[in-house]
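Asker: Letter by letter, the chains look like this.
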Amino acid sequence: MTLEQQLPALQVILPLFGALICALMRRGSLAWGIALGVSFAMPVISGVLLAEVLSNGPISYHLGGWAPPWGIEYRVDTLGAYLLMLISAIGALIMPYARASVAREISADKQAWFYTMYLLCLTGLLGIAITGDAFNIFVFLEVSSLSTYVLIAMGKDRRALLSAYQYLIMGTIGATFYVIGIGLLYSVTGTLNLVDLTARISEIGPSRPVLAALAFLEVGISLKLALFPLHVWLPNAYAYAPSVVTAFLAATATKVAVYLYLRFLFSVFGVSVVFKGLPVPEILLALSIAAMFGASLVAVFQDNIKRMLAYSSVAQIGYITLGIGLANKMGLTGGVVHLINHAMMKGALFMAIGAVVYRVGSARLEDFAGIGRRMPLTMAVFTLGGLSIIGTPGTVGFVSKWYLAVGALDKGWWWLMFLLVASSLVSVVYIGRVVEVIWFRPLLHTGTTVREVPLAMLVPMLLLATATIYFGIDTTLTAGIAGRAVDMLLAGLS
Amino acid sequence: MTQDAAIIAALLIPLAGAVLIVLSHRHPNVRETVTLVTGGALFLTVASLVSDVFAGASPEAGGFVIAPGLEITFRLEPLGMLFALVASGLWLVNSIYSIGYMRGNKEHRQTMFYACFAVAIGATMGVAFSANLVTLFLFYEVLTLSTYPLVTHKATEEAVRGGRIYLMILLGTSMVLLLPAIIWTYVLAGTTTFAAGGILAGKADGILVAILLALFAFGIGKAAIMPFHRWLPAAMVAPTPVSAFLHAVAVVKAGVFSVMKIVIYIFGIDLLATTGQGTWLLYVAAATILIASIVAMTRDNLKARLAYSTVSQLSYVVLGAALANTLGILGGSMHIAMHAVGKITLFFCAGAIYTAAHKTKVSELAGLGRKMPFTFAAFAVGAISIIGLPPMGGTWSKWYLALGAMEADQFILVVVLMISSLLNIAYLLPIPFRAFFVRPGGDDAAGGIAEAPLACLIAIGITATACVLLFFFADALYNLLQLMKLR
Amino acid sequence: MAVFSEIVSHYNHWITIFLMVSGLYIVVARGNMVKKLVGLSLFQTSVYLLYLSPGKILGGTPPILDPNFAVYSNPLPHVLMLTAIVVGVATLALGLALVVRINEEYGTIEEDEIFPVKDDE
Numbered sequence: 001m002t003l004e005q006q007l008p009a010l011q012v013i014l015p016l017f018g019a020l021i022c023a024l025m026r027r028g029s030l031a032w033g034i035a036l037g038v039s040f041a042m043p044v045i046s047g048v049l050l051a052e053v054l055s056n057g058p059i060s061y062h063l064g065g066w067a068p069p070w071g072i073e074y075r076v077d078t079l080g081a082y083l084l085m086l087i088s089a090i091g092a093l094i095m096p097y098a099r100a101s102v103a104r105e106i107s108a109d110k111q112a113w114f115y116t117m118y119l120l121c122l123t124g125l126l127g128i129a130i131t132g133d134a135f136n137i138f139v140f141l142e143v144s145s146l147s148t149y150v151l152i153a154m155g156k157d158r159r160a161l162l163s164a165y166q167y168l169i170m171g172t173i174g175a176t177f178y179v180i181g182i183g184l185l186y187s188v189t190g191t192l193n194l195v196d197l198t199a200r201i202s203e204i205g206p207s208r209p210v211l212a213a214l215a216f217l218e219v220g221i222s223l224k225l226a227l228f229p230l231h232v233w234l235p236n237a238y239a240y241a242p243s244v245v246t247a248f249l250a251a252t253a254t255k256v257a258v259y260l261y262l263r264f265l266f267s268v269f270g271v272s273v274v275f276k277g278l279p280v281p282e283i284l285l286a287l288s289i290a291a292m293f294g295a296s297l298v299a300v301f302q303d304n305i306k307r308m309l310a311y312s313s314v315a316q317i318g319y320i321t322l323g324i325g326l327a328n329k330m331g332l333t334g335g336v337v338h339l340i341n342h343a344m345m346k347g348a349l350f351m352a353i354g355a356v357v358y359r360v361g362s363a364r365l366e367d368f369a370g371i372g373r374r375m376p377l378t379m380a381v382f383t384l385g386g387l388s389i390i391g392t393p394g395t396v397g398f399v400s401k402w403y404l405a406v407g408a409l410d411k412g413w414w415w416l417m418f419l420l421v422a423s424s425l426v427s428v429v430y431i432g433r434v435v436e437v438i439w440f441r442p443l444l445h446t447g448t449t450v451r452e453v454p455l456a457m458l459v460p461m462l463l464l465a466t467a468t469i470y471f472g473i474d475t476t477l478t479a480g481i482a483g484r485a486v487d488m489l490l491a492g493l494s
Numbered sequence: 001m002t003q004d005a006a007i008i009a010a011l012l013i014p015l016a017g018a019v020l021i022v023l024s025h026r027h028p029n030v031r032e033t034v035t036l037v038t039g040g041a042l043f044l045t046v047a048s049l050v051s052d053v054f055a056g057a058s059p060e061a062g063g064f065v066i067a068p069g070l071e072i073t074f075r076l077e078p079l080g081m082l083f084a085l086v087a088s089g090l091w092l093v094n095s096i097y098s099i100g101y102m103r104g105n106k107e108h109r110q111t112m113f114y115a116c117f118a119v120a121i122g123a124t125m126g127v128a129f130s131a132n133l134v135t136l137f138l139f140y141e142v143l144t145l146s147t148y149p150l151v152t153h154k155a156t157e158e159a160v161r162g163g164r165i166y167l168m169i170l171l172g173t174s175m176v177l178l179l180p181a182i183i184w185t186y187v188l189a190g191t192t193t194f195a196a197g198g199i200l201a202g203k204a205d206g207i208l209v210a211i212l213l214a215l216f217a218f219g220i221g222k223a224a225i226m227p228f229h230r231w232l233p234a235a236m237v238a239p240t241p242v243s244a245f246l247h248a249v250a251v252v253k254a255g256v257f258s259v260m261k262i263v264i265y266i267f268g269i270d271l272l273a274t275t276g277q278g279t280w281l282l283y284v285a286a287a288t289i290l291i292a293s294i295v296a297m298t299r300d301n302l303k304a305r306l307a308y309s310t311v312s313q314l315s316y317v318v319l320g321a322a323l324a325n326t327l328g329i330l331g332g333s334m335h336i337a338m339h340a341v342g343k344i345t346l347f348f349c350a351g352a353i354y355t356a357a358h359k360t361k362v363s364e365l366a367g368l369g370r371k372m373p374f375t376f377a378a379f380a381v382g383a384i385s386i387i388g389l390p391p392m393g394g395t396w397s398k399w400y401l402a403l404g405a406m407e408a409d410q411f412i413l414v415v416v417l418m419i420s421s422l423l424n425i426a427y428l429l430p431i432p433f434r435a436f437f438v439r440p441g442g443d444d445a446a447g448g449i450a451e452a453p454l455a456c457l458i459a460i461g462i463t464a465t466a467c468v469l470l471f472f473f474a475d476a477l478y479n480l481l482q483l484m485k486l487r
Numbered sequence: 001m002a003v004f005s006e007i008v009s010h011y012n013h014w015i016t017i018f019l020m021v022s023g024l025y026i027v028v029a030r031g032n033m034v035k036k037l038v039g040l041s042l043f044q045t046s047v048y049l050l051y052l053s054p055g056k057i058l059g060g061t062p063p064i065l066d067p068n069f070a071v072y073s074n075p076l077p078h079v080l081m082l083t084a085i086v087v088g089v090a091t092l093a094l095g096l097a098l099v100v101r102i103n104e105e106y107g108t109i110e111e112d113e114i115f116p117v118k119d120d121e
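Chains as they are written, first to last, in the numbering used here: chain A, 1 to 494; chain B, 1 to 487; chain C, 1 to 121.
It should be emphasised that the hints constitute simulated quantities derived from the structure, not laboratory data.
Nothing here was measured: the structure is a model prediction, and the numbers come from that model.
All C-beta atoms, glycine included, are put in the ideal place defined by N, C-alpha and C.
It is possible that part of the hints are untrue.
Stated by the list, open to error - Under the rule of at most 27 Å between Cα atoms (straight-line distance), these lysine-lysine pairs were calculated in the BS3-like manner:
hint	chain 1	residue 1	chain 2	residue 2
1	B	LYS106	B	LYS361
2	C	LYS118	A	LYS156
3	A	LYS329	A	LYS276
4	A	LYS329	B	LYS203
5	B	LYS154	B	LYS106
6	B	LYS203	A	LYS411
7	B	LYS371	B	LYS359
8	B	LYS106	B	LYS371
Said to hold, decoys possible - Far from chain A, by Cβ distances over 12 Å, these chain B residues were calculated:
hint	residue
9	LEU85
10	THR193
11	ALA287
12	GLU364
13	SER421
14	LEU429
15	ALA455
16	THR465
17	LEU480
18	LEU486
Taking the hints into account, I'd like the entire structure generated from these sequences.
Answerer: In structure tokens, the structure reads:
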């Protein structure tokens with residue numbers, strides 16, 4: 001048994017044990033060091049797995065040596081590897097940033113616990129992306145969710161507690177719906193392995209328990225995904241959590257839920273059941289359009305920038321689900337590539353906001369007045385991220401928009417294309433509002449501490465911002481791999 | 001250097017210039033030198049390509065694929081060559097003027113100003129050299145974004161408001177109208193690459209052609225076709241070098257250039273001529289010409305008057321494109337150059353008047369010609385070019401447009417052109433007239449008003465001379481434009 | 001009559017549904033945070049029944065290796081539900097801890113008393 005063969009297990013076990021060790025630490029900086037080491041190891045493992053999958057096809061790892069479908073199988077295919085890479089990369093980029101930000105926002109006796117929970121969250125997210133067993137998904141889902149509730153509750157503001165509570169209630173309902181769905185499927189098919197489920201469901205066809213299971217699964221995952229109208233927990237959770245948590249969650253948590261959605265809709269249930277027989281595409285389309293417009297419009301009126309970006313995230317998730325609802329090659333590629341594009345954009349944006357919070361202590365729009373003069377690099381990151389949200393050509397946001405619009409036109413739905421671009425126009429308004437305030441208003445916070453953030457915080461931000469431009473021009477890694485994943489997903493569509 | 005290297009160089013030189021400008025932030029003289037050197041280098045690079053185009057070559061560069069349908073490619077053809085020449089040449093002159101103006105008015109944040117200018121001209125080169133719609137769109141948007149800090153340079157409440165209108169209209173039209181048009185074209189034709197004779201022939205017909213044309217025409221907000229023209233007067237809050245750049249050199253010309261290029265190389269003049277789906281654009285352009293001129297007459301603020309004049313003159317080019325015949329295209333394309341040179345002269349003079357005498361309204365200009373004879377003489381030259389009278393260059397473009405209108409049996413348009421000339425006289429000629437021949441009011445300070453700074457005067461002199469020269473050397477333009485493959 | 005016995009023989013599913021719905025109702029209808037958590041637990045309990053009850057084979061025994069016992073009830077749902085119970089307990093503990101902290105910060109755990117409080121944005 002070589003190390004390389006054990007990589008799928010290591011992807012999950014390393015952060016798990018890292019979390020345990022962090023729990024034993026007293027000092028925040030030691031815990032940070034462990035978290036840093038683990039976070040940097042993650043992209044290495046994911047990268048190796050991705051390379052392996054791209055050249056040799058899906059990897060199947062039998063946990064404990066038990067063969068599926070009786071044992072738990074870790075199955076890495078193109079889509080899964082893509083997501084693993086995304087989560088690990090974001091996790092690694094955030095760690096250097098986290099040291100100063102966490103030290104400022106969380107009290108010293110809790111910092112080690114913070115890193116414990118962070119690593120647990122990482123374990124959960126990576127586990128969801130890598131496992132091939134439906135109930136194992138639930139376990140990892142709850143691991144990541146529970147640690148997320150704790151992370152959110154660690155925010156400075158007391159409303160963080162309320163947000164965490166609200167998210168706990170809604171998230172648990174969502175996860176339980178997921179379990180109900182799996183329970184129904186299990187009673188019908190007798191298996192929990194995803195590959196096996198696919199085979200058995202295609203034999204059974206769309207019987208009533210199968211459809212009921214689909215409904216429960218969809219609603220449960222939609223809650224985690226923050227699909228309109230089940231998005232209510234997201235704005236509060238993002239607004240009051242510590243900045244590092246917001247940046248990390250915005251870039252990863254909802255993306256993993258999208259992965260689950262794709263996995264169940266396309267692979268397990270099969271495209272023909274879901275998209276031909278049921279009104280799923282229409283429902284998805286309607287909800288996506290509602291999300292794109294509704295959330296963007298609400299974002300315009302927010303005074304708390306984190307909240308504004310949270311609503312923006314809900315709108316961007318609407319783009320992703322729009323691509324899923326289109327279910328053709330270009331549209332679905334647009335949705336899948338937007339997973340990684342949005343992660344880059346929002347990661348950069350939230351990190352920039354976190355940097356200002358680090359210096360100024362507040363995320364309110366009026367406290368950002370004139371800050372572009374004191375923190376030009378940070379605000380340049382914000383502006384670049386904002387341009388990407390608007391969909392300026394040359395940024396990643398444009399690439400996603402292009403794919404989605406061409407996908408819509410490929411189906412002949414020109415009205416959808418116009419709706420898509422019109423919703424981007426709304427984002428010009430809320431991004432433009434912030435841009436005006438940060439560059440043109442007279443400086444509000446004139447203290448000498450208001451200057452650029454330390455290098456450890458600046459470099460990850462700048463890297464992500466550069467990535468939003470680089471991957472807007474060279475899309476072989478993002479859209480190329482997404483395209484291959486989509487081919488695999490759509491293979492069932494006749 | 002080789003042809004394709006020259007194209008890439010034309011794009012990279014301004015960017016390198018912008019970086020160097022930012023680096024020489026603390027040494028204003030070095031910074032200004034960098035601007036001038038960049039301008040000179042750019043103009044020489046662009047000029048080096050002219051002989052290749054005259055020989056019939058169309059050098060290509062780039063070819064970078066982002067995604068299916070999204071390709072960044074550059075190709076040189078006669079119209080783009082003309083635009084690039086005009087833009088790079090006038091940028092150099094504008095830079096000379098800016099130095100005089102910015103120092104004369106002691107403006108703040110000059111580094112950002114010059115750096116954004118460099119990026120904007122780089123984007124303009126990108127628009128001029130683009131080989132397909134996607135490349136055009138990319139650099140078109142970069143142009144909008146890089147000129148926004150220039151428009152809001154003064155950072156006053158009014159400037160921010162003006163910038164907001166500027167951005168919303170330009171981004172709004174390009175995102176909601178132009179981008180869908182591009183995507184639609186891609187899905188219909190399978191490509192967005194410009195080709196002689198257009199790419200939509202056989203792929204789109206009937207009302208779809210008119211819809212696409214509308215999406216393109218109104219989507220290119222920089223062409224200021226009514227009702228999407230409001231951004232232009234709103235952008236008057238900018239310092240005058242910016243206005244000169246916007247209204248003569250880069251932004252508006254990028255707009256009408258794009259319209260012209262799309263009409264020729266995406267639709268194809270035969271498609272438009274035979275289906276007649278472009279006729280509505282003729283009337284919209286004619287309406288814009290007339291309405292904008294009438295509004296110009298009512299504006300007392302000099303820059304506002306010139307802004308509306310520009311709106312009107314831009315639709316000359318759109319008119320030429322919509323005529324969809326050789327003469328119309330020729331006239332419209334020539335007008336890109338003629339109007340650029342004429343308008344920049346007028347704006348330079350307006351800025352000089354502001355710098356030297358702090359006057360912004362036409363009614364305040366009485367008698368100023370005695371103190372600033374050179375400026376107002378140049379103003380007169382520019383005005384006559386815009387009006388379209390010999391011996392200024394504007395005569396020729398108007399002549400060809402009228403011929404094109406007659407060839408298309410649109411005699412009403414000839415009448416429109418004539419009325420427009422009369423209106424131009426009505427709102428332009430009174431200005432030098434008042435300056436030279438009307439006695440000033442009593443409350444004017446007798447002394448203290450001298451001519452504008454030297455750098456400004458040099459720039460004014462160059463462009464005014466160019467107006468005259470273009471009359472005599474218009475055949476050079478004609479020969480260049482004739483090489484366009486229209487079919 | 002046959003329909004009636006059909007419906008009644010699925011009593012295990014009816015109980016499951018009843019618990020599920022009442023749990024959800026409590027979560028939605030009650031403003032007291034502890035009560036909401038109780039409802040959540042109730043909701044999660046219904047899921048345990050959902051898995052366990054179909055696992056029981058009438059006449060089946062636990063899986064004991066012995067020639068006397070041939071028909072086994074399915075042990076896997078029990079295993080799965082052990083996991084789910086642990087998750088439920090952890091969630092409940094976390095939720096209650098949050099409620100304790102909320103009580104410390106706000107002085108109350110009634111939602112309709114907390115929501116009107118407008119903190120600084």
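Asker: Against this structure, judge whether each hint is valid.
Answerer: Evaluated hints:
no., hint, in the structure
1, B:LYS106 x B:LYS361, "holds (21 Å)"
2, C:LYS118 x A:LYS156, "holds (16 Å)"
3, A:LYS329 x A:LYS276, "holds (16 Å)"
4, A:LYS329 x B:LYS203, "holds (23 Å)"
5, B:LYS154 x B:LYS106, "holds (12 Å)"
6, B:LYS203 x A:LYS411, "holds (17 Å)"
7, B:LYS371 x B:LYS359, "holds (13 Å)"
8, B:LYS106 x B:LYS371, "holds (22 Å)"
9, LEU85, "holds (26 Å)"
10, THR193, "holds (16 Å)"
11, ALA287, "holds (26 Å)"
12, GLU364, "holds (30 Å)"
13, SER421, "holds (39 Å)"
14, LEU429, "holds (39 Å)"
15, ALA455, "holds (29 Å)"
16, THR465, "holds (39 Å)"
17, LEU480, "holds (30 Å)"
18, LEU486, "holds (28 Å)"
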